[in-house]
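**Q** Protein chains in written order, with the numbering used here: chain A, 4 to 135; chain B, 38 to 641.
Keep in mind that the hints were calculated from the coordinates and are not lab data.
Keep in mind the model is a prediction, meaning the values are calculated, not measured.
Hints may be right or wrong, so weigh each one.
Stated by the list, open to error - As a list, the in silico DSS-like pairs of lysine-lysine whose alpha-carbon atoms are at most 27 Å apart:
1. B:LYS387 - B:LYS299
2. B:LYS599 - A:LYS81
3. B:LYS513 - B:LYS298
4. A:LYS121 - A:LYS16
5. B:LYS599 - A:LYS16
6. A:LYS81 - B:LYS124
7. B:LYS333 - B:LYS387
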Amino acid sequence: MGYEPKLVCFSCKFGWGYLRDLDGPKEASVFLIPVECSGKLDAIHLLKVFKEGADGVLILACEEGHCHFQEGNFRALKMLYLLEEVLWAHGIQKERVRIAFSLDPEGRGIPDRIVQMKNSLAALGPLDRALL
Amino acid sequence: MWNTVSKGTAAVERAVKQYLPPCQEQCPINEDIQRTNVLISLLPDDPETAAPAILQIGDYLYDKNPFFSVCGYVCGLCELECNYHAKGGAIKRRLLKRFISDTYIPHLETREEWSLIKHKENVAIVGGGPAGLMAGFDLSRRGYRVTIFEASDRLGGALWLIPRYRLPERVLTSTLEGMVRMVGMDVRLNTRIGQGKWTLEKLRNEGFKAIFIAQGTPTPRTLTFGRNQVEGQDLSGVMYGQTFLYEVSHGNIRPNYFTGKKVLVIGGGNVAFDVARTARRLGGETSIVALECEDKASRDGIPADVEEIRGAWEEGIRIIYSRGVEKIIGESERMKGLVCPRCVRVYDEKGFNPAFDPADTLVLDGDVLIVTVGQGPDWTALQEEGLVDGHGRLAVDPVTLQSRNRKPVFVGGDLRKIGFMVEAMQDGLVAAESIERYLQDRDMTEGRKRVFEVQDIPMRRHYLTEPEVVWIPPEKRMHFQLFERGFTLTEAIEEARRCLACGPCISCKACVSIGLRDSLNPAEVLTDRCCGCGICVSACFYSAIQLKDVDMGRISLTDAFKCKSCGMCVSSCPSGARTLGEDALEAALMTAAAGLQNSPGAVP
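Just chain B, same shape as in the assembly:
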């Protein structure tokens, strides 16, 4: 069985400009996707022997992305850009990661803490969500003493709003506890900064040399029609999606809470679908009313993911497209229904500016209305702390995340820009790097913007089709257990084998790390032998070879960043003008030749 080693030659290299496989370029934190895919593809198919190797892959992922176990359930951004997308379906990277996560979580719960020497300054992190935790984790490993101030009674922030049927509670709690424990961060729960006695000034006075603010977006957006607030949002039976999901995750809403009730959910985003599917699981007869139209390809198309829409539809949720809400009908302080005019346009050239057709109006009956039309930061607190500019926007440098108004303060996560979980994590890493540069009085911007080029799909005659993802049938899905089946070991190996490993070796080196290869010498050209015929150009699967005109004539050149040292060009060259430097094959042939000569051949 192989073992991964962390010797120098096996470490992936970072450069200011480099080629990456498209998945890694797409991933905001540039996770080493190809390397871990290749390692999974080389696992033994016996679960017992595979287990230690799976943990090695998990340890490697954890080093750079301690949230990987959660990403494996909820992310999958990388799959959008996979080169395989058009050739049989993207590699199911999210499920591969979930597969590692399932073995890794019990291991993480008992994993021994890292012994880190915390000899650097005190840093305060405001907000214990993905951005804050990621920054805290990274800074702790760099030797800073980190304290996280969290307003609620538990870490995790918006991750708690992800319904249990998509992310099991144990995965989330173990990941969060693991992060705090592994690096030894100080956590203060129920401590809201910017309210009462805790101000940024106070944090500074307490000895925190830098502060990272990642409080997220706790304030739900209210329902508007035209320029006005829709009346009746204070009626009984009206609630906001974020608040609803928060209460559900805290266990404050009993099962069958909505049985016999008609639930109307307003919104067309993924959160609205989470809300609707949760309400459906609580027994409600649920409908989604979305402003956007059904055609996702159009400008006014619904923003929720296809999988969410499919899931909701399967679960019997009615989706009403292209409808706004003009009025909430109330009756003795209870909400009774909605007046929904047809939306004829959502966006115009300038942005969000919906228009309605008053002649076409639909009246919907309902007992519960859950408004899920977005969320925003707590602007009052930000204004009080002087982090907002004259236009009412956050005064923050987008590259360094440093506040323009208060230098020791850094801002990131959803608070800065609402996005995916992994984007908030990226902000956390960026802020951690900025904070170190700031505290060490170094240049804040030098080398920060890295340029990646994406490697194209390699030439190939056979592409394999994607595996089918198995969902529990809808009639058996009305609970908060996972509805998607994960990969078995065999399926994971099979799927990882499908990965084309299209990226270059410099950002992978999976084979070197397990000793399958010793080195990765790019192919060299003996220029006096090369006649520039170009056979090697077509022999290379990775378009790493180009012809170039020089004084002596035309020769071929290898792009060392793209070359995978496979030797196809060497074996195809008719004039022996290409070599792989000190190649193991040549040495092995010499040994075999000596053996053949000495071997008796005929046995008496």
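In isolation and in its complexed conformation, chain A is listed as follows:
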């Protein structure tokens, strides 16, 4: 293949991996950013990381009904619907952004999800930053 996609992963601190000290993935191409709540993420934040060189964004949010701040996870989903349209308008595939709703206190599932996301990004190829 010869191409390794760069991935930014936002994870909710109240739902994912709070029982482990997450050093972050060891690969240089994955950037893990724990946030207080997925609802805190703005489309601006995501566009920014795309601009800086990311090929895809993965958001790890809480399971439905389990958000510590009531329903920030739902807000994040709403934001994504809009962002997908914006990306599409710029000719960027919607599949470059993905959100997962679950609870994973130990963060056991995070590496797997990152691998899956990277595989689908690899299939898409590098993001043409001129589109942004």
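Put chain B on the given structure of chain A with help from the hints.
**A** Just chain B now, with coordinates in the frame of chain A:
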């Protein structure tokens, strides 16, 4: 695994006026309910790794409420006001606390005592119940030398009247022993104050600079009909509920004591139900005769809790509503039955004033009569010590609990006002604060009355339903073991997760204490960018944002006491007029951006 830390930023703050979640406002001692609920919700689901974290939560609770292990079995006042009440059932806080208690009790039994420096005055506490022990515990931690004078042969007072099937003996004894041991209080058992050689004057002469009287209500109320005592209360087979429960808890009544006997219990309160259910477990064919009617919503409704009534009914106890007792029928010095006219009214505008229908009378047969119609203090002793005013009431300031007649004396607990266990504990804490102020010659009232406002239920689309509480089936329940099943670790985490954490951060800070967040900066508004559109108002789940008209136009403002720093308003603001100050997300994005630029991307 996380560790709770007691650094400054993680300490809950106390203010004269503040918002609290409704449960904490309802709790007389304002236990940090939300904080510990959130901590339970963040426990690992593996019992072995969870154990040390459960003890940390227990230690935190113990610091403020050394009785929490008992509360976890018998209280639950907070659940009455839970915001979730109308949306799927209150959070089962009592069972969550019982869950912590079950791990904590063995730890408490071996926990090392606190090393406290007792350099302050001697204080005497009269009565070793919840009020007295709480005052003694608090004063000892403040550095006072405390001596508890207890009339009976063990501490605990009215807590011993709670039947074993609701509160296991080990939980109670370990809690009581733990309290005395942890702070090093001096206890003198079998010492009744106000009788014989021990008077308040003597205590003063012995060097006690202040005295807290919390003797409770040891005297059972007798049965009356109209204005007269009901005759026959001296017959054999007639006893009083408090005395009965006391004897049972002391192990003086053998199993099957009532087998083959018809037991009649008079009273409609929780104590009457405790008595009836205890009598049933001792083999008696038991009936409760209550003055009040079945409809709890009416003014004359039965005061006992729904759970008690349900439990009694399941156990085969007959409940006879709206009946008074006019006469006890005796036969050769033994009680044989009751004459019960129908009660048509219990309360009128002025208060307790029952009226009966003489035409409708029921005669009940019985071998044993247990009268449980309330209890009162030992008035003779109080009068002798000059603590009563001209109207025959206790002369005591309700805010400071200081006696109006004798300044070094403070009065509290059931003796002052019959209530729940935690209300007596509150009196103990109030008295401890008053005693310190009195001994330090400070203002007794300044800042004592705190005003709390209750936080409303947050907006949400999904509410979760409450778990079912499992009771052992009635046919397997006729013993003095617990009949209610506690939470497993998984159930406790699940239930704690249901808590909406509706209260503000200032009285919680669970996330800061375990390092999940560094700080809790309330959202700020850049007024020159804010156009007053109000999107943030609807974005905030906690109604912490309001619009305000100023000179330049309309802007939004954040109530810093309600703001939970979640950032919903920041991400929803279309003009970037809201920030969370020095936010970790911005810094993390900068780092990631630098990394992305330096990362090669393509691997050869």
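**Q** Give a verdict on every hint.
**A** These are the hints, each one checked on the structure:
no., hint, in the structure
1, B:LYS387 - B:LYS299, "violated, 36 Å"
2, B:LYS599 - A:LYS81, "holds, 25 Å"
3, B:LYS513 - B:LYS298, "holds, 21 Å"
4, A:LYS121 - A:LYS16, "holds, 22 Å"
5, B:LYS599 - A:LYS16, "holds, 21 Å"
6, A:LYS81 - B:LYS124, "holds, 25 Å"
7, B:LYS333 - B:LYS387, "holds, 20 Å"
The structure shown violates just one earlier hint, number 1.
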